[in-house]
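Keeping their order, the protein sequence lines are chains A and B.
For the first sequence, our numbering gives the first residue as 74, with consecutive numbering after it.
For the second sequence, our numbering gives the first residue as 22, with consecutive numbering after it.
No lab work stands behind these hints, which were simulated from the structure alone.
It is possible that part of the hints are untrue.
Claimed, not checked - Using 25 Å as the maximum straight-line C-alpha spacing, the simulated DSS-like pairs for lysine-lysine come out as follows: (1) K299/A x K249/A; (2) K105/B x K52/B; (3) K105/B x K81/A; (4) K160/A x K177/A; (5) K105/B x K103/A; (6) K233/A x K299/A; (7) K52/B x K418/A; (8) K233/A x K249/A; (9) K103/A x K418/A; (10) K103/A x K138/B; (11) K105/B x K224/B; (12) K177/A x K346/A.
To be verified - Covered by chain B, according to a simulated footprint, are these stretches of chain A (three or more residues, beta-carbon under 8 Å): (13) 92 to 104; (14) 403 to 416; (15) 485 to 499.
Quick reminder that beta carbons are idealized off the backbone N, C-alpha and C, glycines included.
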Amino acid sequence: MIEAIVLKIARFALGSLWVTIRADVLEGAKIALRSLGANRLRTLLTTGGIAIGVATLLAILGIIQGLNESFERQLATMGTTSLYVSKRRFGPTGDDWQEARIRKDIDLAQMEAVRNECTYCEVVAPNIWYQADVSFLGNTISGVQLIGTTEEYIEVGGYKMARGRFLNYSDDADRKAVVVLAADIAESLFPSSDPVGATVRIDDHPFRVIGTLERRGKMLDMNRDKAVVLPLRTMRGSWGVFRSLTLIVGVDSAENMDRASDQLTGIMRRARKTPADRPDDFAINRPEQLLDLYEKLTGGLYMVITGIGLITLIVGGIGIMNIMLVSVRERTREIGVRRALGARKRTIVLQFLMEAATVSGVGGAIGTAVGLSAAKIVSLITPLAATVQIGTILFGVSFAAAVGLLFGIWPAARAANLDPVEALRYE
Amino acid sequence: MLISLEGITRHFVVGGETVRALQGVSFSVEKGEWVAIVGQSGSGKSTLMNVLGCLDTPTAGRYTLNGQDVQTLDDDALAQIRNKEIGFIFQTFQLLPRETALSNVELPLVYRGMRPKERRERARRALDQVQLSNRTHHRPNELSGGQRQRVAIARALVTEPSLLLADEPTGNLDSSTGEEIIRLFEQLHRAGHTICLVTHEPKLAARCPRAIRISDGRIVADGPGPQVALEQQPLPRVGS
Numbered sequence: 074m075i076e077a078i079v080l081k082i083a084r085f086a087l088g089s090l091w092v093t094i095r096a097d098v099l100e101g102a103k104i105a106l107r108s109l110g111a112n113r114l115r116t117l118l119t120t121g122g123i124a125i126g127v128a129t130l131l132a133i134l135g136i137i138q139g140l141n142e143s144f145e146r147q148l149a150t151m152g153t154t155s156l157y158v159s160k161r162r163f164g165p166t167g168d169d170w171q172e173a174r175i176r177k178d179i180d181l182a183q184m185e186a187v188r189n190e191c192t193y194c195e196v197v198a199p200n201i202w203y204q205a206d207v208s209f210l211g212n213t214i215s216g217v218q219l220i221g222t223t224e225e226y227i228e229v230g231g232y233k234m235a236r237g238r239f240l241n242y243s244d245d246a247d248r249k250a251v252v253v254l255a256a257d258i259a260e261s262l263f264p265s266s267d268p269v270g271a272t273v274r275i276d277d278h279p280f281r282v283i284g285t286l287e288r289r290g291k292m293l294d295m296n297r298d299k300a301v302v303l304p305l306r307t308m309r310g311s312w313g314v315f316r317s318l319t320l321i322v323g324v325d326s327a328e329n330m331d332r333a334s335d336q337l338t339g340i341m342r343r344a345r346k347t348p349a350d351r352p353d354d355f356a357i358n359r360p361e362q363l364l365d366l367y368e369k370l371t372g373g374l375y376m377v378i379t380g381i382g383l384i385t386l387i388v389g390g391i392g393i394m395n396i397m398l399v400s401v402r403e404r405t406r407e408i409g410v411r412r413a414l415g416a417r418k419r420t421i422v423l424q425f426l427m428e429a430a431t432v433s434g435v436g437g438a439i440g441t442a443v444g445l446s447a448a449k450i451v452s453l454i455t456p457l458a459a460t461v462q463i464g465t466i467l468f469g470v471s472f473a474a475a476v477g478l479l480f481g482i483w484p485a486a487r488a489a490n491l492d493p494v495e496a497l498r499y500e
Numbered sequence: 022m023l024i025s026l027e028g029i030t031r032h033f034v035v036g037g038e039t040v041r042a043l044q045g046v047s048f049s050v051e052k053g054e055w056v057a058i059v060g061q062s063g064s065g066k067s068t069l070m071n072v073l074g075c076l077d078t079p080t081a082g083r084y085t086l087n088g089q090d091v092q093t094l095d096d097d098a099l100a101q102i103r104n105k106e107i108g109f110i111f112q113t114f115q116l117l118p119r120e121t122a123l124s125n126v127e128l129p130l131v132y133r134g135m136r137p138k139e140r141r142e143r144a145r146r147a148l149d150q151v152q153l154s155n156r157t158h159h160r161p162n163e164l165s166g167g168q169r170q171r172v173a174i175a176r177a178l179v180t181e182p183s184l185l186l187a188d189e190p191t192g193n194l195d196s197s198t199g200e201e202i203i204r205l206f207e208q209l210h211r212a213g214h215t216i217c218l219v220t221h222e223p224k225l226a227a228r229c230p231r232a233i234r235i236s237d238g239r240i241v242a243d244g245p246g247p248q249v250a251l252e253q254q255p256l257p258r259v260g261s
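One chain only, chain A, in its complex shape (with noise of 0.2 Å):
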C-alpha cells in the first residue's frame, strides 16, 4: 500500500522532471543554437570578446604563476634546512639600518662557539664574499665572485664536484693558495683543457686550481656559476678582507628548525655578550624570508595586472549583454508566441540564459586554447618562465561562463518579465 503510494509520488516526480527537461532544457538549448547559428559573424564577434578576455587572463596568471614557482625552485636550492646567521636581516632592515650598520662583526670565535653548542646543526660553514678578477693565460673575468669559505660549505652551499677536490682543513688552516672554479669560470678559462692543477691569477695573486663545480644555475640576479671558493683565511690574509662572517648553518632536519633557530639565537647572545636588555644584535634568517620579500614587491603588481585581465573579460561580458539585449529586442514577438503558447517564464530566462552560456562558454574555450599557447611562447622567447596548472584552465573557463551567466541575466529577465500582449503587438 504505502510502497504503491511511493512509487506514485516517485514516478510523479521524475515525470515532471521529464517534462521540464524536455519542455525547458532541451527547448531552451534548441533555441539558444539555433539563434547563434542565425547570427554567426555577431556570435563570432561576442565569442571572440570572451576569448580575448579569457587569453589574457590566463596569460598573465600563467605567467605569474611561471615565475612564483621559479622563484621557489630556486628557493629550494637554498637548502629547506638551512638557516642563515648574519649581521644583518636578509631584504629591506626597515628603520634600523643606522643600528645595524655599527653591530659588532660575527667572528670566528662566534662561529666556534655555534660549532661546538649547537645541537640541532649539522654542519656550519662561514661566508665571506668579495669581488675580484680571475685570470688565465691573458684571459680575464673580471667581477668574479669570491667566496671565502670552509670544507664545510660543499654540504650546506648545494654544490657538486665536477673535477678534483674541494677544500679540505689544511687548505684554510695553512692558508693555501688553492682555488675551486665554478661551471662558467672553468669553462671559460679553460674551453679545452683540464683545470685541475693549473695557476690561475686572482687579482695578481697566483692560486693553484685543486677542482671545479657542476653547474648550479641562476638565484635570482646571481649567477653562482660565476664564481670561485677559496679558503677563508687565504682570503682574509691575500685581501684583508675582515669584513663580518655569515654562518650557513645545516639543521638536522625541517622539524628543528624553529629549535635551531632559538638555539643559535642563545648561543649567539652569550658569545657576542649582548646585554640581556638590548635586541638581538644580529640576525637568524631562513630562504623563507626571501620569499616573503618577494611576495610583497611583487603581489601588488601581480594584482594590478590581474585586475586587467578581468576588465578585459568584464568587458566580453558586456558585450555579451548587449548582443543579448538586441536578441531579445530582436525576438519580442517570438517570445510573445511562445508565452501565449504556454511557455513558462523560467523556460525564456532558461532559453537565454543557454544563449550566453554558450557563447561564453565557447568563448571561455577558445580563449583558454589561445591564453595557453601565449603563456607557452612566452616562455620559449623570453626569459619569463609560465606554466599553467589545472585550477587556473578551470578558473579561466568558468570565470567566463560566470561572466556569460551573469551579464545574461538581465537580458534574460528582461525578456521574461515582457507583457504577453505587448510583446505579441510588437513590430
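Fit chain B to the given chain A structure using the hints.
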C-alpha cells in the same frame, strides 16, 4: 458552462490617466458555441480577448474557464492554462519564421513536455485536419497567407483545447482566402469546438450563431449573429 465572466473590468493607467477598457462585462459561453465579439477599434474587444485568453488579468471581476477561477492563478499556472485550454489564432498568424510548419504546430506540445515522437505524430494529424499534410516541411515564408493561417489553426487545434480564440483571423487575407478560413471555422464548429471570434467586420459576425457587441467597454447587444451584427450601431459617446 465553459466560460463565465462576471463584472469584468480592466483599467490601464497610461500617462497618469486611467483608461477604462472594460467596465463590467458579464456573459457566459456554453461548450460548443460559436460566438463573435464585435466592436469598433477602441471598444475594448481586444482587451476582452486578452482576458479571455489569460494573457491579461482583469482589474476586477470573476472569470471562470472550464471550472477554474482564473484570477487566482499565478503566472506559471496561467501559462499552463493557456497551453491546455486555449488555442490562439491571430490576425498576423504569429508563426515562428525560422521553423517549419510542422515545428510550429509542435511548439505548444513542447511546452507540455511531450515526447518528440508523439508530438510530431499529433502535429501531423493537426496539419491533416487543415488540409496541409503536403506542406509540413515548408517555412512560413514559403507558404501563402491562407496556408499560414491554416498552420496557425493547426497549432491551435493540436493541443485539443477547450476554447479556440481567434482575433480577426481573416483581417490579413484577401476575401476569397478569408472565405476559405471561415469555412474551416464552420467545420470546426460542426465538429463540436467552442470558438470565440473577435472581429470588427459585421459581415463576419453575421455568420456566427451568436454575437456580442462591445462598445466603450460594455456589452451593448448579445443575440443571434445576423441580428446583432446588422443592427444600427450606436454613435460613440463623447466623454465618460
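Quick rundown of the hints versus the structure:
Note on K299/A and K249/A: the hinted pairing holds, with a Cα-Cα distance of about 22 Å set against a maximum of 25 Å. For the hint linking K105/B to K52/B, the alpha-carbon distance of about 16 Å falls within 25 Å, and the restraint holds. Restraint check for K105/B and K81/A: satisfied, since their Cα atoms lie roughly 23 Å apart, inside the 25 Å limit. A distance of roughly 8 Å separates the Cα atoms of K160/A and K177/A; the hinted pair therefore holds under the 25 Å criterion.
Pair hint K105/B plus K103/A holds up; C-alpha atoms about 23 Å apart against a cutoff of 25 Å. Distance check on the hinted pair: K233/A and K299/A sit about 15 Å apart at the alpha-carbon level, within 25 Å; holds. As the CA atoms of K52/B and K418/A are separated by approximately 30 Å, the hinted pair breaks the 25 Å bound. For a cut-off of 25 Å, the pair hint linking K233/A to K249/A stands: about 22 Å separates their Cα positions.
Between K103/A and K418/A the alpha-carbon distance is near 17 Å, which keeps this suggested pair within the 25 Å criterion. Using a Cα cut-off of 25 Å, the hinted pair K103/A and K138/B holds, with the two alpha carbons roughly 16 Å apart. Distance check on the hinted pair: K105/B and K224/B sit about 31 Å apart at the alpha-carbon level, beyond 25 Å; violated. For a cut-off of 25 Å, the pair hint linking K177/A to K346/A stands: about 10 Å separates their Cα positions.
A stretch counts as covered by a chain when three or more of its residues have a beta carbon under 8 Å from one of that chain; for the segment 92 to 104 of chain A and chain B the count is 6, and the coverage holds. Counting residues of the segment 403 to 416 of chain A whose beta-carbon sits less than 8 Å from any beta-carbon of chain B gives 10, enough to reach three: the coverage restraint holds. By the rule of at least three residues with a Cβ nearer than 8 Å to a Cβ of chain B, the coverage given for the segment 485 to 499 of chain A holds, with 3 such residues.
Consistency with the previously given hints fails for numbers 7, 11, ordered from lowest to highest.
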